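Given the coordinates of chain L, assemble chain Z onto it according to the supplied hints.
2 protein chains.
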Amino acid sequence: MDFFFYPDGITVIGATDNPLKGGFHILNNILIGYKGRVYPVNPKYDSISGLKCYPDIKSIPGTFDLAIYFIPARFLPDTIEQCAQKKVKGIIIESAGFAEVGQEGRKLQEECLALAKKYNIRLWGPNCMGLMDSHSRHVFSFMYGDYWKDLMEPGDVSLIVQSGLLSAGFLMMILQRGGMGISKVCSIGNKCDVNEIDLLEYLINDPSTDVIGLYVESIVDGRKFIDLARSTHKPIVILKGGRSAYGAKAAISHTASMAGDYAIISSAFKQAGVTTVFDANELTDFLKGFSKIHASRNDGGTAIITFSGSGGIITADFLNDFGLSLAELSENTINAIKEVFPSWMDPSNPVDIWPAIEQNGFEKVYSKAIDALLHDQNVDSLIVHIFNYRLEKSYLSELASLKDELGKPVVIWLVGIGKGLGVFRRELEDSGLPVFTEIGRCVSVLAAIKTHYAKRGSRPLEEATKSPYGKKYCCLD
Amino acid sequence: MDFFFYPDGITVIGATDNPLKGGFHILNNILIGYKGRVYPVNPKYDSISGLKCYPDIKSIPGTFDLAIYFIPARFLPDTIEQCAQKKVKGIIIESAGFAEVGQEGRKLQEECLALAKKYNIRLWGPNCMGLMDSHSRHVFSFMYGDYWKDLMEPGDVSLIVQSGLLSAGFLMMILQRGGMGISKVCSIGNKCDVNEIDLLEYLINDPSTDVIGLYVESIVDGRKFIDLARSTHKPIVILKGGRSAYGAKAAISHTASMAGDYAIISSAFKQAGVTTVFDANELTDFLKGFSKIHASRNDGGTAIITFSGSGGIITADFLNDFGLSLAELSENTINAIKEVFPSWMDPSNPVDIWPAIEQNGFEKVYSKAIDALLHDQNVDSLIVHIFNYRLEKSYLSELASLKDELGKPVVIWLVGIGKGLGVFRRELEDSGLPVFTEIGRCVSVLAAIKTHYAKRGSRPLEEATKSPYGKKYCCLD
Chain L
0 MDFFFYPDGI
10 TVIGATDNPL
20 KGGFHILNNI
30 LIGYKGRVYP
40 VNPKYDSISG
50 LKCYPDIKSI
60 PGTFDLAIYF
70 IPARFLPDTI
80 EQCAQKKVKG
90 IIIESAGFAE
100 VGQEGRKLQE
110 ECLALAKKYN
120 IRLWGPNCMG
130 LMDSHSRHVF
140 SFMYGDYWKD
150 LMEPGDVSLI
160 VQSGLLSAGF
170 LMMILQRGGM
180 GISKVCSIGN
190 KCDVNEIDLL
200 EYLINDPSTD
210 VIGLYVESIV
220 DGRKFIDLAR
230 STHKPIVILK
240 GGRSAYGAKA
250 AISHTASMAG
260 DYAIISSAFK
270 QAGVTTVFDA
280 NELTDFLKGF
290 SKIHASRNDG
300 GTAIITFSGS
310 GGIITADFLN
320 DFGLSLAELS
330 ENTINAIKEV
340 FPSWMDPSNP
350 VDIWPAIEQN
360 GFEKVYSKAI
370 DALLHDQNVD
380 SLIVHIFNYR
390 LEKSYLSELA
400 SLKDELGKPV
410 VIWLVGIGKG
420 LGVFRRELED
430 SGLPVFTEIG
440 RCVSVLAAIK
450 THYAKRGSRP
460 LEEATKSPYG
470 KKYCCLD
Chain Z
0 MDFFFYPDGI
10 TVIGATDNPL
20 KGGFHILNNI
30 LIGYKGRVYP
40 VNPKYDSISG
50 LKCYPDIKSI
60 PGTFDLAIYF
70 IPARFLPDTI
80 EQCAQKKVKG
90 IIIESAGFAE
100 VGQEGRKLQE
110 ECLALAKKYN
120 IRLWGPNCMG
130 LMDSHSRHVF
140 SFMYGDYWKD
150 LMEPGDVSLI
160 VQSGLLSAGF
170 LMMILQRGGM
180 GISKVCSIGN
190 KCDVNEIDLL
200 EYLINDPSTD
210 VIGLYVESIV
220 DGRKFIDLAR
230 STHKPIVILK
240 GGRSAYGAKA
250 AISHTASMAG
260 DYAIISSAFK
270 QAGVTTVFDA
280 NELTDFLKGF
290 SKIHASRNDG
300 GTAIITFSGS
310 GGIITADFLN
320 DFGLSLAELS
330 ENTINAIKEV
340 FPSWMDPSNP
350 VDIWPAIEQN
360 GFEKVYSKAI
370 DALLHDQNVD
380 SLIVHIFNYR
390 LEKSYLSELA
400 SLKDELGKPV
410 VIWLVGIGKG
420 LGVFRRELED
430 SGLPVFTEIG
440 RCVSVLAAIK
450 THYAKRGSRP
460 LEEATKSPYG
470 KKYCCLD
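Chains as they are written, first to last, in numbering that gives the first Met the number 0: chain L, 0 to 476; chain Z, 0 to 476.
Source of the hints: derived by calculation from the structure; they are not laboratory data.
Example chain L residues on the side facing chain Z (calculated, C-beta under 7 Å, incomplete):
1) Val100
2) Gly240
3) Gly246
4) Ala250
5) His253
6) Gly310
7) Asp316
8) Trp343
9) Pro349
10) Gly439
In silico DSBU-like cross-links for lysine-lysine, where the CA-CA straight-line distance does not exceed 30 Å:
11) Z:Lys106 <-> L:Lys337
12) L:Lys88 <-> L:Lys148
13) Z:Lys248 <-> L:Lys367
14) L:Lys418 <-> Z:Lys20
15) L:Lys106 <-> Z:Lys337
16) L:Lys148 <-> L:Lys392
17) L:Lys248 <-> Z:Lys363
18) Z:Lys85 <-> Z:Lys57
19) Z:Lys367 <-> L:Lys20
20) Z:Lys148 <-> L:Lys418
21) Z:Lys337 <-> L:Lys248
22) L:Lys248 <-> Z:Lys367
23) L:Lys418 <-> L:Lys363
24) Z:Lys363 <-> L:Lys20
25) L:Lys363 <-> Z:Lys20
26) Z:Lys43 <-> Z:Lys85
27) L:Lys57 <-> L:Lys34
28) L:Lys363 <-> Z:Lys248
29) L:Lys20 <-> L:Lys43
30) L:Lys418 <-> Z:Lys392
31) L:Lys337 <-> Z:Lys20
32) L:Lys418 <-> Z:Lys418
33) L:Lys337 <-> L:Lys367
34) L:Lys223 <-> L:Lys248
35) Z:Lys106 <-> Z:Lys57
36) Z:Lys418 <-> L:Lys20
37) Z:Lys20 <-> Z:Lys57
38) L:Lys148 <-> Z:Lys418
39) L:Lys34 <-> L:Lys20
40) Z:Lys248 <-> L:Lys337
This one's a predicted model, so the numbers in the text were calculated from it and none came from an experiment.
Just so it is clear, CB atoms sit at the ideal spot from N, CA and C, and this is done for glycine as well.
Looking at chain L on its own, in the form it has when it is part of the complex (with noise of 0.2 Å):
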């Protein structure tokens, strides 16, 4: 598959200097980043972007291992006899107008498909945005290069996709926000060849990815998928479309997928420890938790910091939802906290903070509370709610070491109000403490996290520890 995300040479069947087009966008998001040759194909033009422009694929003098194909359906078998003329060994289809729309659409699909295996050309799609790669900055989709280009961080979550809100609108929120780095996004359509199998294995295998996170709207292979799951200390987490018969109704004509049957499907997830997810926004939380948490003791109970009596209590409830256990503070650890107390009150978890706050002011209530409770043998994790305090970089800097060194997960709940709020989040965030904004997330994606590595062991930390985008990973360019 390395052919797809680091091709020798690519054309561009569909390239055009109409920057309304999608085949501007891939012709333009190439030349961003990729140090390749690049051959445009379009008969209308001499040249574009500087570069010669082909009327066909033959014409082409040098070779290339990658055709990006952006021109109507019915060309499709004739660009791949011309392909397998000039050696090529995949094409990303990302035009429409195949199996999702009817049967006329699936006949000429699969037509292609058994061309294509002729040939021995893998194909990525059709009715894709293809991928990209924030290591080597290879974007190989239509999606608008001015909104990615500034904003790309390379990171350690990748994505396979089948949907363009994830791959496009989500990853644009997900680069503008920050709190997590992506590696490879991997949007693959109706997947009638290149599937989230293949792409699953081969991103267990690279290097520059540490979290997976897939939706799907059906699995090929749901052996196979267990399989590998099973085989990988790297978390997955899945949202899986058409649950339901409305759902799965409407999947056949998204991407013409047969969703399956979900109760069987979700409990070979969580046998195989598949982390399962509903929501588009849940899903991008838990691979950001999973992101900046590589470790979880499992031996003691949650601790839960908050600058509100309810705000603890409801946590508390969440934490028996999700099965997961309050710890009990030890001696010393109350000792150490009476410190920056009220006489008048004794602490206990959850470990209401305020009075003493106000009393001795918000850093030295946190760090004492904090610094006892992640010390605490009877404390494996801990929950920390923050209304508008802003805590030094040094000190979170610290804090997020600590988590990691200790092996013990540490999630906030950041609410208040005020324009400094997203600078303290990203501040957060960026030392490597995962926000949450709901306190249900919070307590939801620890369990998540708990039971991952409980079953799985902790991923390698190595450098990635130290930044928050995890740039171990060199650039391949």
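Same frame as chain L, now just chain Z:
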């Protein structure tokens, strides 16, 4: 209870000119909005904030309905005695140090209650943040005045809470974010006398309250609560703290509440048509939904307009989870939408308008699809997904009015990038359309709304629909 909200004269026991103390903020909040007589009490001052200050209650020359207490707990019995001499009707006790701190505090609280009953004085609190009313701008709480005074928009949502989080932090977040207007907020703390039952009854009869939200850690009289909930068409949304053994234990040290068996409580809520939620942001999201949606038909299915195939599928799956049905579109609707669709694509529900947008622009496609769907007799509710598009304010107002006229709820899932997103979110909500950031939340709120109006019938529309904050209510000052 009117003397708590609209007292004829107030004394503040523990007024001070030190802005680091609650007594400063209590006094200054009163002076921002309250037009009646105010008597600060503190033996250390001759005057505070331009008002004559009294050494004790009995020295005050005038009369007053209400005393606000913010000095140490141990002085309360004497204060009650002095208040009785002055024919005070109610005392709001905002100090802590009563039943929530243990046996001694509980004994003191019980003694005070007995004393107050003897003199026919109602006690509010202790260990609470008092109350606020946006319409009269009466704020009898120690929260910082700088936060609320420019943000407070009168509205139709009232809250009864045992929580500083919800009576201060979240309240500020709601006021800053907009999206709904607040009527009364009642922070009841240990609720030794005035409790959620008293206030629920009061708010059910309050003309400036249309929607009631609660965060409580116990229900003092379940039977009465259920009877009250059954008696009103006003939606009631409750977040119950202490659903689990963990949470219940924490509730004892927070507000001295005995949480009770949640299985029994929640089944009673269900029977009484009370909407239950589990998270803090979830509570405000549900209240916003009810505040903006006054009616719902229940004779069809839900239509989905989406810019993304996967977004539509995820939504359809959630409809199934929440017991809603996906509308079967009528022939007329399909034909109308076809006018803006590409020829190769047949409209179906979920209605994926992305290809149509590429061809005809988003304003034309959104308005065509929304209009056709809302007028389809098989459609009784609509979920609209929007990514980064901006629709004209005038169109949004029309749409909001149409939803009210037809009695068909419309909820928006808004995602995207860039700074304009928050502005557009605000425009949508100011027009009367509730916006959520998670697909699942759109569906859970819609399901709650449909369930409520199926049982209770619509709420009167009157002028409320013409203003985002329901400014039909006159202010008292």
